[in-house]
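Line by line, the protein sequences give chains A and B.
Following this note's numbering, the numbering of the first sequence begins with -8 at its first residue and continues without gaps.
Following this note's numbering, the numbering of the second sequence begins with 719 at its first residue and continues without gaps.
If you are wondering where the hints come from, they were derived from the structure by calculation, not from laboratory data.
Hints should not be assumed to be uniformly reliable.
[As the list claims (entries may be wrong)] So these bits of chain B aren't anywhere near chain A, every CB distance computed over 10 Å:
(1) G732
(2) S735
(3) Q754
(4) M776
(5) P802
(6) D813
(7) Q822
(8) E832
(9) R840
(10) G843
(11) A846
(12) E847
(13) V852
(14) A879
[Stated by the list, open to error] Partner residues are not named here, just some residues of chain B that face chain A (Cβ under 10 Å, in silico):
(15) V786
(16) V800
(17) T811
(18) L869
Each residue gets a CB set at the ideal place from its N, CA and C atoms; glycine is no exception.
Chain by chain, the residues:
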Amino acid sequence: MERLTLTKQRTRARVEGPAVREKFLLFRVGDEIYGMGLRGLREVLLPDGLTALPTPAYQVCAAFTCRGRRLPVIRMRALFEDSPADIPVTARVLLTQGQGRAIGLLVDEVLEMAEVDPARIAPVPALATLLDATSFRGLYTRQDRIILLVNEDGLARLDEVAQFYAAGS
Amino acid sequence: MAQPGTIPFDVAQGEVSVLMFLVAGRQFAVELARVQHILDYQAPTKTPRRPPFVEGIMQHKGRFLSVVSLRKRLGVEGPAPVHPAILLLTDITQDSVVGLMVDQVLRVLSLPLEKMLTPPPRMLGIRAEFIRGVANAGERPVVWLDEAKLLTSDEPIALLA
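Build out the structure end to end from the sequences listed, making use of the hints.
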C-alpha cells in the first residue's frame, strides 16, 4: 500500500474537498426517530390501499396496491415495537428498493431530510436490539438525539418479504 | 483496564478490588478494573425489539453503548429508584463498552481472595455460574457477579426478595 507523506495527504485533501454528505429521510415510529437513505426511495404515499395479509404467516407485513401493482409493506411499528397500533393520520408509506425488490415501509410520520457525514455514522451496539444487524445502517446523533438509520437491503431480507414475493402475491 | 483472559495485578497479589453497589437492597459487586466510568442516570434512547433487560442506547464521549438494567436482568419487579447510576463496563460483551444500571453505588473495597467464599449452587436465586465469589462486607454478604456471563446469557433469573 502507498505510504503518503504529509504533503501528499494535504494535496489530496484539497483535491477531494470536504466529505460527501449522505441524505436521509427522517421519520417517526412510536416515540423514536429513524432515518432511511434516499438512494432507493421512489415515492412517499398516503397509506390508502393498504390491506392486511393472513396471520400467522404475516406478522409485520401488509400488502399495498400502487398503480395496479401489489407490494409488501413492512409495518414498522409492528416490526420495531411488536405493537398492533392503529395507523395515525400522519402515517405514510415510503416506497423504496431493497435487494432489487420494491418494498414499502409504513411509518407513523415523515419528518424532514437530513444530511449526514458518513464518518459520523457508528455501528449499532450488538446488545441494543434483537433484530438482525443488517436491518440497520448505523446510528448518529442529531441535536443530542440518537437516530437509528435503517438499511433497506437488510429489511428486504425479512422472511415475510421473501414469502410475499415467493407466493407471487 | 483489564483485558479478557488476563489476571489483574491485585488478583495476582491475593486480593481483588471491586465496586460495590445495591440492587433491590442487596449488595453486589463487579471487578473495579472493568469499570471505566460511573455516570449519573440519563434516559437512554429506546431501541427497537431490544432484549427485555436492555433499556436502550446512550452516547458517552462520542461512543454509543447499550444500557442494561441490572434490576431487570435479575428479574426484580417494582419501581426503579429515582436516581440510579450507570456503570460503564469494558470488555464484557462484543460491544467494547456496556452501561450497567444499578440502584446505588456504595464503595470500592479490596477483597482478600482467601476470604472469598465459593457460592452455593444458588444464592439469592442466582445460579453459581453467574457468581465469581461471595464475601462479607459490613456483616452482610456481597455477591461478586460474573458480569460477562450475566450479560451474554439468556437464562432468566429471579432474585429472591
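query = Once the closest CB in chain A is found, is it more than 10 Å from P802 (chain B)?
reply = holds, 18 Å
request  = Classify the hint on V800 (chain B) as holds or violated, based on whether any CB of chain A lies nearer than 10 Å to its CB.
outcome  = Violated, because the Cβ-Cβ distance from V800 (chain B) to chain A comes to roughly 21 Å (cut-off 10 Å).
query = Given L869 (chain B) as an interface hint, is the shortest Cβ-Cβ distance to chain A below 10 Å?
reply = It holds, given that the least Cβ distance between L869 (chain B) and chain A is near 7 Å, below 10 Å.
task = Verify that the Cβ of A879 (chain B) lies farther than 10 Å from every Cβ atom of chain A, and report whether the claim holds or is violated.
result = It holds; A879 (chain B) is separated from chain A by about 27 Å at its closest Cβ, greater than 10 Å.
request  = Decide, holds or violated, for the assertion that all CB atoms of chain A are farther than 10 Å from the CB of Q822 (chain B).
outcome  = holds, 23 Å
key: Least C-beta distance from R840 (chain B) to chain A larger than 10 Å   = holds, 25 Å
ask   = Was G843 (chain B) rightly flagged as not at the interface, with every chain A Cβ beyond 10 Å?
value = Label holds. Min Cβ-Cβ 23 Å, cutoff 10 Å.
V786 (chain B) as an interface hint toward chain A, with CB separation required under 10 Å = holds, 7 Å
Distance rule for D813 (chain B), whose beta carbon must clear each one in chain A by more than 10 Å = Label violated. Min Cβ-Cβ 4 Å, cutoff 10 Å.
message = Does V852 (chain B) clear chain A by more than 10 Å, comparing its Cβ with all Cβ atoms of that chain?
response = holds, 27 Å
inquiry  = Beyond 10 Å on every Cβ pair: is that true for G732 (chain B) relative to chain A?
reply    = At roughly 34 Å from the nearest Cβ of chain A, G732 (chain B) sits farther out than 10 Å, so the non-interface label holds.
Least C-beta distance between Q754 (chain B) and chain A, which was stated to exceed 10 Å = holds, 15 Å
Violation of the numbered hints given earlier is confined to hints 4, 6 and 16; the remaining hints are satisfied by the structure.
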